[in-house]
Amino acid sequence: MNHSALDLEGAAATLRGRLAEADRVLITAGAGLSAAAGYDYGDEDRFRELFPALHGLGLRSRYLVGVPLPPELLWGYWAVHIGDIRFSPAPNPLYQQLRTLVGDKDHWVMTSNVDGLFARNGFAPERIFTPQGDYGRYQCAAPCTAAVWDSEPLVARLLAAYDPGTGAVTDPGALPRCPNCGGAVEINVRVGPEFVDAPYRAAHGGLQDWLASAPSGTRLLVLEFGAGFNTPGVIRWPGEQLVRRFPRARLVRVNPTHPETPADLGDRALPVPVDAEHLLDALTATHPTPGPAAASRRPRSSR
Numbered sequence: 006m007n008h009s010a011l012d013l014e015g016a017a018a019t020l021r022g023r024l025a026e027a028d029r030v031l032i033t034a035g036a037g038l039s040a041a042a043g044y045d046y047g048d049e050d051r052f053r054e055l056f057p058a059l060h061g062l063g064l065r066s067r068y069l070v071g072v073p074l075p076p077e078l079l080w081g082y083w084a085v086h087i088g089d090i091r092f093s094p095a096p097n098p099l100y101q102q103l104r105t106l107v108g109d110k111d112h113w114v115m116t117s118n119v120d121g122l123f124a125r126n127g128f129a130p131e132r133i134f135t136p137q138g139d140y141g142r143y144q145c146a147a148p149c150t151a152a153v154w155d156s157e158p159l160v161a162r163l164l165a166a167y168d169p170g171t172g173a174v175t176d177p178g179a180l181p182r183c184p185n186c187g188g189a190v191e192i193n194v195r196v197g198p199e200f201v202d203a204p205y206r207a208a209h210g211g212l213q214d215w216l217a218s219a220p221s222g223t224r225l226l227v228l229e230f231g232a233g234f235n236t237p238g239v240i241r242w243p244g245e246q247l248v249r250r251f252p253r254a255r256l257v258r259v260n261p262t263h264p265e266t267p268a269d270l271g272d273r274a275l276p277v278p279v280d281a282e283h284l285l286d287a288l289t290a291t292h293p294t295p296g297p298a299a300a301s302r303r304p305r306s307s308r
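Numbering (the numbering used here), first residue to last: 6 to 308.
No lab work stands behind these hints: they were computed from the structure. A few of these clues could be false.
Per label pair, the in silico range of CB-to-CB distance [what the hints assert, rightly or not]: (1) A146 / G15: 48 to 58 Å; (2) A290 / G197: 39 to 49 Å; (3) A203 / D50: 32 to 42 Å; (4) G127 / G211: 12 to 22 Å; (5) H263 / D214: 25 to 35 Å; (6) G178 / G127: 31 to 41 Å.
All C-beta atoms in this analysis are idealised placements derived from N, C-alpha and C, irrespective of residue type, glycine included.
Turn these sequences into a full structure, and let the hints steer you where they fit.
Written as structure tokens, this is what we have:
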């Protein structure tokens, strides 16, 4: 979909006005935000670059949930994927632009993304709720315990034994086992009922307390990026319900493919049918912000 500069300037001006008026801001985000930031799971070119062996087997995207792979290929995939998207040390300009945008407003983040990009780019970790988990942890597959473990040392060990030509982890001893029972493990992301949610309960409680403490007349702005219909019950629909709960709340939905907003919210909901990159660039162009976060461009090679 093509949009004129006037469309973007108008949306940017409206968003700035709503931010200025807001007492509190809840940023909600789905996969579309990280895709705009350079991490598009459906990007076949990037998949071929990172996973040539899997591409040779006929796979075409990072959406591998349910694909049967032997352990040496599965953990080779996880090591490269998580190393790229979760533990890359480089700052991300788009997320930094978003952090600059909210400034010192009282805000929280709720995201279905499990890549840690909010916390790695200036957002307070204790004010980020990630109900779908975090690539930075792994758990027992059973699970035998509610404990989880840091996945960074695991990823480093797997990468040290990874063969890009075959896509496999060549050392069977590098394949992970549960530190508690010795059984199989999996990354701590929500796939089924085995998901260990203990690490996320404190943030969930903090977000609920923050919302409960807001008077009914609070001018809450729900600023949603890239949340479609893969898991609408996690981000998209709860945001709409919050706007219904607070009579003076507003929703800004930034989504190039699914910008529609509920009719009952009327003009309290603003659909912006572009991706986050274009909107934040328009905001930056209209109101220049000094510093590298505003001046840098998204790393196209990460797409």
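Hints breached by this structure: none
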